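If you read the sequences in order, they're chains A and B. Here the first sequence stands for residues 73 to 568, where the numbers follow the numbering used here. Here the second sequence stands for residues 73 to 568, where the numbers follow the numbering used here.
Rather than coming from a laboratory, the hints here were simulated on the basis of the structure. Here the structure is a predicted model, which means the values were calculated and not measured. The beta carbon of each residue, even a glycine, is placed where N, CA and C say it ideally should be. Mixed in with the good hints, there may be bad ones.
What the hints assert, rightly or not - Using C-beta positions, here's what the derived DEER-type ranges look like:
hint, chain 1, residue 1, chain 2, residue 2, range
1, B, Pro344, A, Ser146, 50 to 58 Å
2, B, Ser449, A, Ser129, 16 to 24 Å
3, A, Lys158, B, Tyr166, 34 to 42 Å
4, A, Asp272, B, Ile542, 57 to 65 Å
5, A, Asn324, B, Ser398, 49 to 57 Å
6, A, Thr274, B, Lys78, 38 to 46 Å
7, A, Ala236, B, Lys187, 54 to 62 Å
8, B, Ser384, A, Lys321, 31 to 39 Å
9, A, Phe268, B, Thr168, 51 to 59 Å
10, A, Ser144, B, Tyr166, 31 to 39 Å
11, B, Thr168, A, Ala138, 19 to 27 Å
Number of protein chains: 2
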Amino acid sequence: MNNYAKYKGMMRKIADIQYSSAVLSWDQETYMPPKGANFRAQQLSTLAGIGHELATSKELGEILNALSSDASLSEKEKRNIKQSLKNYNDNLKYTTAFVEELSKTISETFQAWQKAKADNNFALYAPYLEKLVKLKREECKLLGTFAHPYDALLNQYEPGAKTADLELLFTDVRNQLVAFVKKIAAKPQNEDKFMFLHFDKTKQWEFGLDLLKQMGYDFEGGRQDASSHPFTTNFSSQDVRVTTRVNEKDINEMIWSCIHEGGHALYEQGLPSEEYGLPSGEYVSLGIHESQSRLWENNVGRSLGYWKGNFSKLTKAFPDNFKSVSFEDFYKAMNIVKPSLIRTSADELTYHFHVLIRFEIEKALIEGTIEVNDLSSYWNSKYKEYLGLDVPSDSKGVLQDIHWSHGSFGYFPTYSLGSFYAAQFFAQAKKEIKGLESEIEKGNMKPLLDWLREKVHKHGKYYSAEELCISITGEKLNFKYFMDYATNKYTQLYNL
Amino acid sequence: MNNYAKYKGMMRKIADIQYSSAVLSWDQETYMPPKGANFRAQQLSTLAGIGHELATSKELGEILNALSSDASLSEKEKRNIKQSLKNYNDNLKYTTAFVEELSKTISETFQAWQKAKADNNFALYAPYLEKLVKLKREECKLLGTFAHPYDALLNQYEPGAKTADLELLFTDVRNQLVAFVKKIAAKPQNEDKFMFLHFDKTKQWEFGLDLLKQMGYDFEGGRQDASSHPFTTNFSSQDVRVTTRVNEKDINEMIWSCIHEGGHALYEQGLPSEEYGLPSGEYVSLGIHESQSRLWENNVGRSLGYWKGNFSKLTKAFPDNFKSVSFEDFYKAMNIVKPSLIRTSADELTYHFHVLIRFEIEKALIEGTIEVNDLSSYWNSKYKEYLGLDVPSDSKGVLQDIHWSHGSFGYFPTYSLGSFYAAQFFAQAKKEIKGLESEIEKGNMKPLLDWLREKVHKHGKYYSAEELCISITGEKLNFKYFMDYATNKYTQLYNL
Chain A
73 MNNYAKYKGM MRKIADIQYS SAVLSWDQET YMPPKGANFR AQQLSTLAGI GHELATSKEL
133 GEILNALSSD ASLSEKEKRN IKQSLKNYND NLKYTTAFVE ELSKTISETF QAWQKAKADN
193 NFALYAPYLE KLVKLKREEC KLLGTFAHPY DALLNQYEPG AKTADLELLF TDVRNQLVAF
253 VKKIAAKPQN EDKFMFLHFD KTKQWEFGLD LLKQMGYDFE GGRQDASSHP FTTNFSSQDV
313 RVTTRVNEKD INEMIWSCIH EGGHALYEQG LPSEEYGLPS GEYVSLGIHE SQSRLWENNV
373 GRSLGYWKGN FSKLTKAFPD NFKSVSFEDF YKAMNIVKPS LIRTSADELT YHFHVLIRFE
433 IEKALIEGTI EVNDLSSYWN SKYKEYLGLD VPSDSKGVLQ DIHWSHGSFG YFPTYSLGSF
493 YAAQFFAQAK KEIKGLESEI EKGNMKPLLD WLREKVHKHG KYYSAEELCI SITGEKLNFK
553 YFMDYATNKY TQLYNL
Chain B
73 MNNYAKYKGM MRKIADIQYS SAVLSWDQET YMPPKGANFR AQQLSTLAGI GHELATSKEL
133 GEILNALSSD ASLSEKEKRN IKQSLKNYND NLKYTTAFVE ELSKTISETF QAWQKAKADN
193 NFALYAPYLE KLVKLKREEC KLLGTFAHPY DALLNQYEPG AKTADLELLF TDVRNQLVAF
253 VKKIAAKPQN EDKFMFLHFD KTKQWEFGLD LLKQMGYDFE GGRQDASSHP FTTNFSSQDV
313 RVTTRVNEKD INEMIWSCIH EGGHALYEQG LPSEEYGLPS GEYVSLGIHE SQSRLWENNV
373 GRSLGYWKGN FSKLTKAFPD NFKSVSFEDF YKAMNIVKPS LIRTSADELT YHFHVLIRFE
433 IEKALIEGTI EVNDLSSYWN SKYKEYLGLD VPSDSKGVLQ DIHWSHGSFG YFPTYSLGSF
493 YAAQFFAQAK KEIKGLESEI EKGNMKPLLD WLREKVHKHG KYYSAEELCI SITGEKLNFK
553 YFMDYATNKY TQLYNL
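The following block holds chain A by itself, in its conformation from the complex (with noise of 0.2 Å):
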């Protein structure tokens, strides 16, 4: 066996372990009873220990080392060896002590962060979230020299990303789109009453199912089922799974993250299995993983074309909710612009001020500049700030989002990233693909889904976000693309 072949066993043993973490994480937010929770985490733990062990040998070191010098492997090969390389010496940072410490820290985290928001009671979910910091500042300094210690996060989510170029996106983001919601906000406001009838909670999965379908969701390769917190999870990319989350008050939610979540399903449905375990087998980064949720969801979702056929559906699945709606009156139901408490329920434009104020806390809390008791007041002083509003509980409030109690600080600036990499992707669909709009008006999703298996699905990890959006739009990530879309609708929509 050549070295090459021999690195590619030792990934794919890797992936097996990480896939099998998982099924176990996947089964832990599904099905798995009460009870099971102490043990999980130590399972967890002890796979989380044991792939870092693979991931750290030093046999995997003397191949990739060797490896990374080897003048004949192709240029998709050569790719990979630098990117495991990269790994490997950023894994070589962290002690398995450490990674089983963090894995336990973060299973019992998130059970006190289910209590606590289920309670209302920040204090029952400070103490573990207060060692879950500190071990994440300590794994900032483990990670090494990065202008600033946020770097270090932020790179785990989206490589080559800085503090300093979020700190100005985001400074774009408070100068144009601030400003642009208020001026939605001086005029009058639609109507969405209609969305939160009752909605029988059968018919609204199998509404979901048919728009996962429509989409070009393969089942055969996948399934949904039902989580507090929708998630898209994959053990390979022919076993790609989605959750949702059905309010029987609210049919908005289910309608979203079914999109939302779709649509990171077929990126992961489309990369290419025959490289399980490589990068070039992998998504990019989570701010494109993010672009492909985002674009399904708003650029394709939220548009006027894309209900020209689905609307029809759903009156027959609702006929008494909707009776007295028009298909106009749906359109702008779902794309109200509204300051409101929780992120994930948040409008396309406002949704960016719930990014912000994360960013800004976590760049805080990974300072040291605040601390977890300090966090619940410095939330709602933001919402003041940014949104206009006062945060009645906490569990509307710094408890909403699982994210930190998972340990995934620096992973919300991706959601942002992604929604503009969207409208920059789009736009560029639009131009390339003839008569995408009228394709997606029939429900025909086809031309759209092939343009995004050519253009970023099958190639894995081969390109950085940077050079994937240079490579199909010409020119790295720009604000103008969301900002063009935004002003476009909105100023239709609100008459302004």
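Dock chain B against chain A, hints included.
Okay, now just chain B, sitting in the frame of chain A:
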């Protein structure tokens, strides 16, 4: 950390890997989409390999050997060490490559079996099974010298069991049970058509959950899902799951699989969770495990008293189906003795002929007296011989059971052992628990469960099966208790 604490840590880690595999297997048989199968096989194989490496590590061997002469240990600790050292030495006989190949072959064979059974096409399955049988014969050789090569496999499920002893036991079955069943066959048969009307799936599901609750199954530490072959699995004693199969045209399947798997699950839920990963936290043997499921299924579940309360619940759930059925008719219907093709739906007497056939086939297959290609015709001739039946198709014949596709040879005999232990234990329980039968009539299963917890569950693997049987009943396994139970019950039911 002292050696015993180190030993515990290592055993917990091995258990973490084994239970992670169990989660992946549970998912494979309940929720996994079809395309996920190939990579799942690979993931299970990797976990099996890692588990094997840990279970055969030099470090573990050194600690076990040191502890095996440590006089300061408690009796329980000494027994743990003795058992673990035996397992360690057995595991050393396997190479990691063999374990990984076995795991991968099993996953592939399982998939082939599923297709073959659905298509009634043994040929789809045969080449995989051949490979697996070859590996199993190799395994017998690896495991060393036994009086009979099949002993090596039997011992994996029933430590201490011998082919020669089973032959004696099954001679009793042949001599006594065959004659008794013939006496029954000469009598007029009871009616059970009403068990095969239409039974709504959801109502059946709910009814099954009620039966489990009544038995004392803890849903905070478990759950029930659907699978094509009912099973119990656990990922600690705090997460013990059952599956069932609901047939709209046969209420028997749901009832007996719920009670049967419930019995297994109660055993696992009763094992001491603080002994996680150690012999003292494990079940004794599959025969003892099966004694728990059979005791609940047959000695309790098929008794007149059990249905005194539960029959009225059943008639409430399905009023039309049972409107002209008396409680006595129902009791007779669930205890019909009649030769049939499918083991899992056999009555509690002819059941043992199904096991006997499999025992004879496995022995011959491992000896090499027959080959996989002979299986179908050999099977059919045995069904003619013992049950007087012509097998119409392989799906209803040699393809009916999951076991061989899982590589489980030597497993079937434990089913009969379980029934025989159950009869012996239940006879003792009736002596020791005051008013046991009237408590069961009232639907109060707690006295029985408490007795089982005290006599069986809480001890883990402290005792061997034989020791446990003696400690509970004062004597070794004795087929007489089963024959007494059968004779009393069916003499009355069939007016013999």
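Each hint, compared with the structure:
Between Pro344(B) and Ser146(A) the Cβ separation comes to about 56 Å, which falls inside the hinted range of 50 to 58 Å. At roughly 51 Å, the beta carbons of Ser449(B) and Ser129(A) sit outside the given window of 16 to 24 Å. A hinted range of 34 to 42 Å for the beta carbons of Lys158(A) and Tyr166(B) is consistent with their spacing of about 37 Å. One distance hint, 57 to 65 Å for the beta-carbon pair Asp272(A) and Ile542(B), holds here, with the actual separation near 59 Å.
Range check, Asn324(A) to Ser398(B): Cβ separation about 54 Å, and the 49 to 57 Å hint holds. Between Thr274(A) and Lys78(B) the C-beta distance comes to about 53 Å, which lies outside the given range of 38 to 46 Å. Judged by the Cβ atoms, the range 54 to 62 Å given for Ala236(A) and Lys187(B) holds: they are separated by roughly 57 Å. Between Ser384(B) and Lys321(A) the C-beta distance comes to about 38 Å, which sits within the given range of 31 to 39 Å.
Range check, Phe268(A) to Thr168(B): about 58 Å between beta-carbon atoms, so the 51 to 59 Å window is met. Hint check: Ser144(A) to Tyr166(B), Cβ distance near 38 Å, so the stated range 31 to 39 Å holds. Evaluation of the 19 to 27 Å hint for Thr168(B) and Ala138(A) yields a pass: the beta carbon distance comes to about 24 Å.
Violation of the numbered hints given earlier is confined to hints 2 and 6; the remaining hints are satisfied by the structure.
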